[in-house]
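> Got chain P sorted already, so can you dock chain D onto it with the hints?
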Amino acid sequence: MDLIVTKGITKIYNPNKIPVHALQGIDLTIKKGEFTAIVGPSGSGKTTLLNIIGGLDRQTEGTVWIEGTDLTNLSDNKLIDFRKNKIGFVFQSYNLIPVFTAAENVGFIMLLQKRSKNEIDTRVLNLLKSVGIVEQMNKRPNQMSGGQQQRVAVARALASKPKFVLADEPTANLDSKSTTDLLDIMENLNKKEDMTFIFSTHDQRVIDRAHRVITIEDGKVVSDVNSSIN
Amino acid sequence: MRSLVVIGAIIIGIWSIIFLVGMVNGMIESYINNAIKNEVSHIKIHHPDFINDKESKYFISDITAIKNEVDSITGVKAVSYKTITNAMISSSHAGRGIMAIGVVPKYETNVSGVSQKMIAGKYLTDTKKNQILISKRTAKKLKVKLRSKVVLTFQNLDNEITMGAFRVVGMFETGNNIYDESIVFVCQKDLNTLLDINGNGHEVAILIDDLSELDSIQAKISKMYPDLLVRNYKEVQPELALFQSQIKMAGIIYMVIFMLALVFGIINTMMMAVLERVRELGMLMSVGMNKMKIFMMIVVETILLAMVAAPVGLILGYMTTSYFNKNGINLFFYSEEGMKQFGFDNFIYPNVPTDTYWQLVVAVSLTALLGSLYPAWKAIRLRPVEAIRGSFETRDGLMVWLFKFLRNKIRSIWT
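These protein sequence lines are chains P and D, in that order. Using the working numbering, the first residue of the first sequence is number 1, and each one after it goes up by one. Using the working numbering, the first residue of the second sequence is number 1, and each one after it goes up by one.
In isolation and in its complexed conformation, chain P is listed as follows (with noise of 0.2 Å):
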């Protein structure tokens, strides 16, 4: 089943000062349950596109369709109601609320969903225990390593049970350990929940677990190698 579809992404900054060509007519076919890492490098278009498929920013031309709907044609509003239910988010920074404890953090996308309190309970504990990081659920984020607080990150972003999951430069700032062990957690939901994962990288340790490897350079698909073991 295709889940995300683009036809002729192109995306220009400045299109009335100095024109910047981020992307230049990226067609692209995500099915679901896929582990891709779309990777190039610094500049080549990656997280624009990544932003482009997460509904964050909007194509100058060309059509993004997520399991049928044009986002193209979704008001800001709709497109944040978009996000909010089918789209799940990893950062490279985290960007965990300072303020929220890590079970906090996960659970307060749920209570935009407007889900029962026990719902939103029994959901982030399972979310926290699948990430291996129930013993930090009381603990705010400057009480956690970037590796936990990444982990917290990815529960985050499964918790409104999302279609699938952007992570940009998901490993950017963590260790070799926390980074296999983050690996290990992505795709142990793949393969058990059949999660769909895209993320845009360059940490070669990514790009050798992805099954999926589209590479991107001055805005345009130069190769698109499928090494799926699903």
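Since the hints were made in silico from the structure, they are not lab data. All of these numbers come straight from a predicted model, not from anything done at the bench. Keep in mind that the hints are not guaranteed to be accurate.
DEER-style ranges, computed between Cβ atoms [unchecked claim]:
hint : chain 1 : residue 1 : chain 2 : residue 2 : range
1    : P       : Q143      : D       : I247      : 55 to 63 Å
2    : P       : W65       : D       : K409      : 26 to 34 Å
3    : D       : K409      : P       : P15       : 19 to 27 Å
4    : D       : I253      : P       : N16       : 41 to 49 Å
5    : D       : Y323      : P       : S116      : 51 to 59 Å
6    : D       : F405      : P       : K78       : 16 to 24 Å
Heads up, the beta-carbon is just placed ideally off N, CA and C, and yes, glycines get one too.
Quick look at chain D alone, frame taken from chain P:
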């Protein structure tokens, strides 16, 4: 820390406003009470022509009977009557023009506060003849002391120059330099004898119990004496009402300035809060928190900070003004002469009406709301993609947004 700055700013703002309102009210009360106690009383009765031309011939006949009749009116606290004439006071060193007021000491002490403002000697008595009270400033200018003799010169009813020698028995200081320099007090019977108007007088001064009954008592007296002019203190000294309104207006202006400073303080601090949380806000927008919730988050936070700060500010303000209301604020060190020149006491007793506290609660809530709007607006105009990386780049500014909004509205109506 940032929250403490906002809370601190609001506390100081509220405290300042309460203190300022207290001071303004205290000054107004001080000025008006001084004027009423020492100069104008609450109500005065004159011959209608006496107001424009203070000649001795415009006297009120049988003034003692009027005093007794007015005294019997319910709500009247005290009544006195006086003889008033323009005169020249001379000593062996100097002379100057003054107004001589002839009083009946036993009645006058009930109406006027001058007897309590004696700084040397004693107040007038009925027992001795030709006593005079002069102010400290007049004494200085005439270079006279207690028990010195001075001569009062004036015109009698027949327009003949007449004079009398008086002995200085006391010196007073009311706190209003202009007033002090312009009057002297003598016993009415002495002055009446010199003016040849025995049994009559020029003025009846009335103090009442409750200021809210001023108009009704004034109307009653006017009805009793239709041929005489009955005026309240605001009519006698219109500058009192003017001063009262001007000081109140100045107080309101200061309050608005304080509130504006508070608004900008809140805007500044909440903008810092938004700036500090750009990443958080970017993340919240990314994961699906809508603009209204983000907007309300900033607004509610500011209002909550104001709700924490307001009671502290109010209590501090109440405690400060209550303390000074009992003990007074001594303005002597600031400018003794300056304050007296304008009719104020050295001590100001701040007084804040209860209504002011409620008005402040509403005003601070509105201020907090107003101060939170712009930071909240900036927060929802953040671009999530930029904000996640900590960039404060926003979408269009307020004016550009308004322009586009109106343009789109007009277009939609047009098509």
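> I'd like to know which numbered hints this structure contradicts. Please list them from smallest to largest.
none
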